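Chemist: Listed below are the residues making up each chain.
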Amino acid sequence: MKILVAVKRVPITGGKMVLTEDAQAIQTRHLGFTISPHEECGVEEAVRIVEAQGGEVVVLTLGPAEAEEQLRESMALGADRAIHLVSDEEWDAQATASALLEAIRVEQPFDLLVFGNESADAGNYQVGIRIAYALGLPVVTGLKGLTVLDGRARCEQEVTGGRDVYDVPLPAVVTVREGLNLPRYPSVPAKLRANRKPVDARPVERPPSKLEKLRLVVPEGQGKQAEILGRGAEAAPAVVEVMQRLGVA
Amino acid sequence: MSVLVLIEPNDELSLQAVTLGRILDSDVHGLSVEPAQAPVDVLHVAELGGTYAPAAWAAATVQLVERLAPSAVVAPGSDRGNDVLAHVAARLDLPMAANVTEVRGEEVTRQRWGGTLLEEARLHADLKLLSAAPFAFAASDDASRARVETFVPNFTPADTAVRVVESISASTGGVSLADAKVVVSGGRGVGSSEGFAILEELAALLEAAVGCSRVVTSAGWRPHTDQVGQTGTKVSPDLYIACGISGATQHIAGCKGAKKLLAINADPEATIFGHADYAVIGDLHEIVPAISAELRKARAT
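Quick mapping for you: the protein sequence lines, in order, are chains A and B.
Using our numbering, the first residue of the first sequence is number 9, and each one after it goes up by one.
Using our numbering, the first residue of the second sequence is number 109, and each one after it goes up by one.
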């Protein structure tokens with residue numbers, strides 16, 4: 009099995025969104041960064057499949073030089089090598105798909121290509137699907153369950169009231185969601201090994217955006233004034249009174 | 109020009125998408141792949157010839173776009189809505205704006221970070237592909253006018269290759285998180301898997317669902333199905349009780365649909381209080397059992 013997983017570097021935003029002065033990005037000076045959560049589960053799933061069946065996991069990202077951190081994190085989870093398309097700019101989903109596609113074509117054939125259902129930050133819901141169409145492969149999105157066996161993928165989607173199951177032949181594209189698995193905590197030796205694994209980094213030039221970001225805006229609604237019902241256990245009667253008033257007690 | 113709206117049967121988010129469609133144009137067509145009711149002028153029902161198949165719905169959409177030449181295709185901001193619209197975008201090689209809250213000519217406002225941040229963007233395309241952000245638009249409730257036209261699209265084998273082969277119904281004993289009137293939710297402050305016993309006790313008294321924050325599922329204290337948040341379930345109860353939850357945007361994205369929010373937290377500076385209607389400051393391990401006891405007392409009298 010040769011599996012590709014695309015990952016994205018995103019900030020850990022904490023409690024409040026603060027924007028840069030030009031309103032083009034989140035102020036990240038005091039923030040840490042992580043692999044977008046859905047994609048971290050994608051890496052874990054790919055590694056588990058290769059651990060069980062043999063093969064190779066290649067991680068791919070489009071992002072600034074610092075995104076090498078997330079590639080190393082992915083390799084600490086067990087991915088074998090990484091491709092880094094380096095750009096400081098933010099790309100729209102269509103352009104992102106084109107850039108990733110170019111890198112993927114060189115590395116084909118993959119048996120399975122794994123994307124996050126949507127990135128935590130931009131939430132465009134489309135990169136994996138665009139790549140599936142460009143490669144002429146079947147795609148199933150939003151997976152919470154995946155079983156790869158005998159050249160087929162059994163894909164489970166969570167829907168209202170249960171799960172829908174799809175069964176597709178490989179090669180295929182899947183997009184996954186957090187909850188598909190619980191990613192491991194990488195061991196210290198795994199992190200050290202990750203530092204020695206190869207990263208193929210190359211600069212890429214962003215084309216004009218067809219969904220062109222103009223500015224970011226923090227929505228209103230933060231900074232509500234809560235009614236303080238009390239401190240400690242003594243607040244219980246006031247809480248029950250509120251519940252009765254709301255008709256839920 | 110007309111607008112084409114993708115419709116799922118008995119789906120609140122589809123009715124919200126119709127509202128966005130009406131804002132864009134007075135001539136609104138709907139496209140459904142199952143029999144449905146929708147407050148549109150013409151409802152086209154495409155026969156998929158089998159179980160649900162996202163690419164087939166997209167193929168039908170593209171064929172209808174060729175026939176109607178609409179100015180926009182609007183999808184509900186649901187999993188299926190965003191999925192099928194992205195298929196359409198890939199087929200037509202057009203940009204798509206997901207989870208839109210407002211349209212002003214060529215400019216759109218759309219949600220990022222699960223709705224905790226907005227992006228204003230310009231869409232460079234003659235045909236706009238938009239999904240309507242959940243609960244950004246009131247549901248259209250006028251169901252009187254729809255004329256139904258069934259049509260049989262032309263499918264290639266690839267269009268129908270990916271379809272539902274099995275549906276598994278969840279055997280949940282308790283109240284489902286998405287539909288619960290009350291959610292009792294715990295975060296890092298709960299401290300352990302066992303710590304959730306007092307939350308479960310309160311939830312049982314209120315016929316509520318138990319939820320949790322991402323910290324809790326990452327630590328393995330609760331299953332991911334209990335997670336409320338951007339990467340978990342988005343809830344809209346009458347009352348959301350946040351116990352020992354700090355209020356990270358990841359969590360707020362999942363519970364901002366609650367009508368009222370009660371926060372219980374030991375830290376008076378916790379971000380969650382800025383999103384709360386009611387606050388109790390102190391140790392949840394004392395407060396939650398006290399609320400349960402008070403509820404029992406109130407019911408006994």
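There may be inaccurate statements among the hints.
Unchecked claim - Taking lysine to aspartate or glutamate and the EDC-like style, the derived pairs with C-alpha atoms no more than 16 Å apart in a straight line are:
(1) LYS218(A) / GLU257(B)
(2) LYS221(A) / GLU402(B)
(3) LYS218(A) / ASP250(B)
(4) LYS221(A) / GLU155(B)
(5) LYS221(A) / GLU308(B)
(6) LYS24(A) / ASP175(A)
(7) LYS218(A) / ASP234(B)
(8) LYS205(A) / GLU64(A)
Claimed, not checked - Rough simulated footprint, nothing fancy, chain A against chain B, three-plus residues with beta-carbon under 8 Å:
(9) 131-142
(10) 145-153
(11) 168-182
(12) 199-213
(13) 266-272
(14) 291-302
Note that these hints are calculated values from the structure, not bench results.
Note that the coordinates shown come from a computational prediction; the quantities given were computed from them, not determined experimentally.
Ideal Cβ positions, reconstructed from N, Cα and C, are used throughout, including at glycine.
Chemist: Confirm or reject each hint.
Modeler: Evaluation of the provided hints:
1. LYS218(A) / GLU257(B): Violated, at roughly 34 Å.
2. LYS221(A) / GLU402(B): 52 Å, violated
3. LYS218(A) / ASP250(B): 35 Å, violated
4. LYS221(A) / GLU155(B): 38 Å, violated
5. LYS221(A) / GLU308(B): 44 Å, violated
6. LYS24(A) / ASP175(A): Outside the cut-off at roughly 41 Å; violated.
7. LYS218(A) / ASP234(B): 11 Å, holds
8. LYS205(A) / GLU64(A): Holds, because 13 Å separates the two Cα atoms, which is no more than 16 Å.
9. 131-142: violated (count 0)
10. 145-153: This one is violated; 0 residues, fewer than the three required, reach chain A with a Cβ under 8 Å.
11. 168-182: violated (count 0)
12. 199-213: holds (count 8)
13. 266-272: Three-residue rule met by the region 266-272 of chain B, so holds; n is 5.
14. 291-302: Our answer is that it is violated, as 0 residues pass the Cβ test (under 8 Å) against chain A, missing three.
In the structure shown, a violation is registered for the earlier hints numbered 1, 2, 3, 4, 5, 6, 9, 10, 11 and 14, in ascending order.
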